[in-house]
Amino acid sequence: MRIIPPPVCHFTAGWSARFQAEILPENVASANDRKAFVAAGLLPPGESGPGDHLTSALLRQAFGARTSHGGGPQVIYISAPARIQGDDVLLLGSDYRPVDAPLDGVSLSESLKELARGGNRRKLLVLDLGWELRRGELGFAPERVAQQAIDVVERVVDPGRITLVSCGPGQCPMIIAGAGRSAFGYFFENALLGRADGWGPVGADDGRVTASEACAYVCQKVEGWTVAAGIARQTPVVLGSGDDFALTAVRGDEVRAAQFLPEEQTLPSWIAERRSQWSAMFQGSALALRPRLLRRYADAIGRAERGWRYGGDAKQLAAILETEAAPLVMQIDESCRNASQTAVVSLAQASHGKEADPKLVAVWTAYLNAASRQDPTAAPDLATAQRAAAKKKFKETIAEIDAVDLALAAMESLRLASEDFVPRLIVVDDELREIWPSPIHAETALAHRLRVRVQAGDCASESLRAALATACRGEQAASYVEAVDWVTDTLSEGWMHWQAGEASLFSPGYADEADCRRSFQLAETAFAEAQEVGKTCRSAATLRDRAS
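So in the numbering used here, spot 1 of the sequence shown is number 14, and the numbers just go up one at a time.
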């Protein structure tokens, strides 16, 4: 795909905004950026190739494009989602499959090496990278994609390359909602339309836009707009010291970057019905029982509506909304159905904040030691017999034990596990699901989710253990109703950190292991503080009650 160049500059562009996998949302803003480039004559439809859904192979081809006029200046514009993979960054094509092929993608480092082998000493590489933390509405997770991309660019030496990265370290790409555009794409188009003439410390108002002027304009405009709009700051980064060169001549007309304004039209039924359902839940008991799930449901509806209003594919958006909404609605409905029977949502509440019985914890630990350390490959028959004997003894011991006390002790045993956490987690989940086929407490539900996470792919057992242990501590701290007024802020801070760790754990690639553990450690500290206050308040309330 070639953007119409001025006489001496060769443009290559590649967009990946729509995906074959339905669980990946269409990047409507990126798709609209491309439409705007076409409308402005920067990317003619006749040379647009497969449009805004380049496969991985075509993205690689965009990096490998060579100039056809004797090594003249070259601009490569890449707009694609990205994720971390080891010490590299993967650019995701339209054929990316997150479930069965999560490591597929275009290596940024290899692409940069391919670009460097071209030998061109005057080139501008524009990396309009995008990413979305799919569970990001649960909390804030450290965003490392931009920093990793910058590190990769600096690591691959190419003296003739100037690189413009859409975000600075720790930042995410922002959307101009009123225009249906990405902030970066909108201002880069304005730069090519001539607005960047004269910008930057070496800019000259001479009727031409150079690479350095375009970079200076985009950096200042994107940062200025995000700050003025009151959203998270986005500051593009310029890397490299290649030779400056002219990109385009300033147009005589006053063409401005395109905007895709929302149309006033009747909502389709698949959005209207979800809105109505959410309103009914909000008016009912769902807000009190599952406020976070209700908020996530509202976020999902809002994303779908914004995508539809800005020209996204209605069929795909409806499918994504159905995928996101179905489990949320099921959990909310289940909570509301059980509300008339019990308002208990955690083991800590059900046990009124009491700690697990040490003797029962020891019973669980002995059983888990026996059940998780047998090696069935060495002596299958013996291992099966030993496991069956351990299970029989365990069942006899707990026959008269209350189910809540049993589950509470199981969580404590897992919290204390120093090794073989995953096998122990699986055994505990199997045993508790014999009592509750569908988990009804927050702690047991999380244990089951962690088991499912293990089956989905590799993850560090220590992070799994920390997620469960910290959540149990948080539920324990929240169970002290006498201290609600005193610990609300502390609990909120703790859950924010815990949700950041959870997002890192369930969205691999967006934050590393150290970030994940750090989040859980910060949550543990906050919950421990809240729990101590809760114990003090409960003791004071008990003394007060006795005195009266």
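In short, the hints are calculated from the structure, not lab data.
Computed from a prediction, not measured in an experiment: that's the story for all the values here.
Note that the Cβ used here is the ideal one computed from N, Cα and C, for glycine as well.
Keep in mind that a hint or two might mislead.
Straight-line C-alpha distance at most 27 Å; calculated DSS-like pairs for lysine-lysine [what the hints assert, rightly or not]:
| id | residue 1 | residue 2 |
| --- | --- | --- |
| 1 | 408 | 372 |
| 2 | 367 | 408 |
| 3 | 328 | 372 |
| 4 | 372 | 126 |
| 5 | 328 | 48 |
| 6 | 404 | 372 |
| 7 | 405 | 372 |
| 8 | 548 | 367 |
Derived DEER-like restraints, expressed as beta-carbon distance ranges [stated by the list, open to error]:
| id | residue 1 | residue 2 | range |
| --- | --- | --- | --- |
| 9 | 347 | 412 | 27 to 33 Å |
| 10 | 408 | 552 | 21 to 27 Å |
| 11 | 350 | 525 | 38 to 44 Å |
| 12 | 433 | 371 | 37 to 43 Å |
A quick look at each hint next to the structure:
no. : hint                   : verdict
1   : 408 to 372             : holds (15 Å)
2   : 367 to 408             : holds (24 Å)
3   : 328 to 372             : violated (56 Å)
4   : 372 to 126             : violated (61 Å)
5   : 328 to 48              : holds (20 Å)
6   : 404 to 372             : holds (17 Å)
7   : 405 to 372             : holds (18 Å)
8   : 548 to 367             : holds (10 Å)
9   : 347 to 412: 27 to 33 Å : holds (29 Å)
10  : 408 to 552: 21 to 27 Å : violated (38 Å)
11  : 350 to 525: 38 to 44 Å : holds (40 Å)
12  : 433 to 371: 37 to 43 Å : violated (21 Å)
Hints 3, 4, 10, 12 from the earlier list are contradicted by this structure; the remaining hints agree with it.
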